[in-house]
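A.B. asks: Chains G and E, in that order, are what the protein sequence lines are.
If you count the first sequence from 1, position 109 lands on 109 in the numbering used here, and the numbers rise without skipping.
So the mapping is simple: the numbering used here equals the position in the second sequence, first residue as 1, plus 1000.
These are calculated hints, taken from the structure and not from any lab test.
Some hints could be false.
[As the list claims (entries may be wrong)] DSS-like cross-link-like pairs, simulated, lysine-lysine; straight-line CA separation at most 30 angstroms: (1) 37(G) - 1025(E); (2) 1045(E) - 37(G); (3) 1045(E) - 24(G); (4) 24(G) - 1120(E); (5) 30(G) - 1045(E); (6) 36(G) - 1111(E).
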Amino acid sequence: MDRIKNETNEYPDDAFNEIIIGIKRIDIPKIEFDRKKVMREIVRQKSRHGIWRYLAPVVWSYLTISAFYFFYYFRNIISNIFLYYAESKLKWISQFLIKLIKLVSLIPNEVLVVLIIVPTLSLILVFVFKLVLLSKNSQRRKYEKIF
Amino acid sequence: MPQDYEIVENVLKGEIEMYELLMIKYEDLIKSIVYGMVYNEEVTKDITQEIFLKVYKKLKQYDSGYSFKSWLTRLAKNHTIDYLRKTKYNTSLNEVNPSNFSYADEDLTLKEEMKLQLEKAMLKLDEENRMLLYLKYHENYSNTELSDIMNIPMKNIRLKLFRAKERLKKILEGDDYFKSYGEVENG
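If we strip away everything but chain E, and leave its shape as in the complex, we get (with noise of 0.2 angstroms):
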């Protein structure tokens, strides 16, 4: 597969079908992004097409200097943030959905709560954090990458990252979370 500059420049000469070859490469990653900050797959479908049409829109834009991948998340949490600001998102906590809830098996079950109690504690964290804690422990991205695409200084991004935590730990705790996660790790 071609460099990622080496597709934008062709779709900027005039090969739009190109164009399908970096959604292909990118479009998990953008899909995951997104959901990891609505918890919602009908609102993430959305978005992730609208993010698609203004990343095209904007190729001009990119600096072949730079990693076209920090270029294309920092878009996408710009696009998602606007998008939960403007239209005042707010998941209630019936519509974080627990894929492959089983009431079979108990463990199983314990597990799916976590999980949920953890997208909802995730869903009261602001827009900021959300983001940051999600590309950092989810999508393994760099300080240096978290750095460019938050707009953080370097220096404070590891600050950012534990009041980040903190805060979601705080919310957790009201939620009883740790109690829950000490019975499953302990069987």
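Next comes chain G alone, as it looks inside the complex (with noise of 0.2 angstroms):
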């Protein structure tokens, strides 16, 4: 290869001329292809993101509160689990954990609820307050109507 590269100072061609022609010469059948099943496929995945878009903070605020609530009630139970462990290897993150359930039986009932209804609510209002926007949008079903 090098040899035929000091000849010509390049790679010939010359050689291949049938290969390039044939190449060249390679028909593209006639395939149908389906644009508006495109559009519509993206309008459809469009209209699902969009919603998940409101539903997905709502969802995982959710799981952020039960997580705080089973927390808040299995708090004795919890924390003897890690005063079993508190002796072990894990001594300093059990004991961390243990000064923290402390902390949080410090909070009166009536706080613990507003701190828990509170943004329950709103999130609700607000989830019900963009799917009502959302049903609202033209654009969307303009673009359902076009494709």
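From the two separate chains plus the hints, produce the assembled complex.
C.D. replies: Next up, the structure:
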């Protein structure tokens, strides 16, 4: 290959004329392609994505609140579990978590109820409000009509 | 027709219907590139649809400072090669379908046979070399564009092309392609 390169100072095409012409002559058959199908799929995915965009924060917030709730109501059991490990290798983490649980226990029930109910209600309100807005989204309907 | 980057900007702003303009403009190119890799009409149709869906999803990543055609071709190339590797795509010789095959005209038959031979030989090449040769000689991409699309340093493009042609030639030599070529060219 180096010999050829040195002789011509480049890679010669002459030896491959038949191949080059052959590739140029490859015929592309008429292939029906449904553009509308692609557009419909895009709109469908966009709509689905749109709802999830509003739903996702609500779901995540509920999961966080539920985790907190679970932690609060089973704090004694969890605390005992950590106490069991308090003398082992996980000493530092366990002691930190026990302190955290004690701190959470200091929160009065009334405050806890407010802490949970207020964000929950506001999240529901935001979700409903955005859902109404979404259903009124004329652009989405316009695309659905077009495609 | 507006420039590609203008269409992309409008699509990103929410005018989804503008995306159809891009599809109209590049549909034939994508179909051709995919067909040049798979030589099967049904598979070409499916992959083309997947590519246009993927392009829409990745449209935010397009940098308007670069050629949209090259960006699109690179995406199409990657998607097609991924498809071939994932499905271990291997078109059997029977599936390569010579179009407009006519037994009445001997000369035409010979040409069609040669076309079939070349398509089979192309399928025996590895995906990267097949794509490289197809983009260069069928779609007439420049070496600069090829360097960008195939992610090959500019200085190596000619060498890569040369080696790809050598490999294809070796495959074709085993199929008496050049003997047939001589018969057709000499009438």
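A.B. asks: Which hints, by number, does the structure contradict?
C.D. replies: 6
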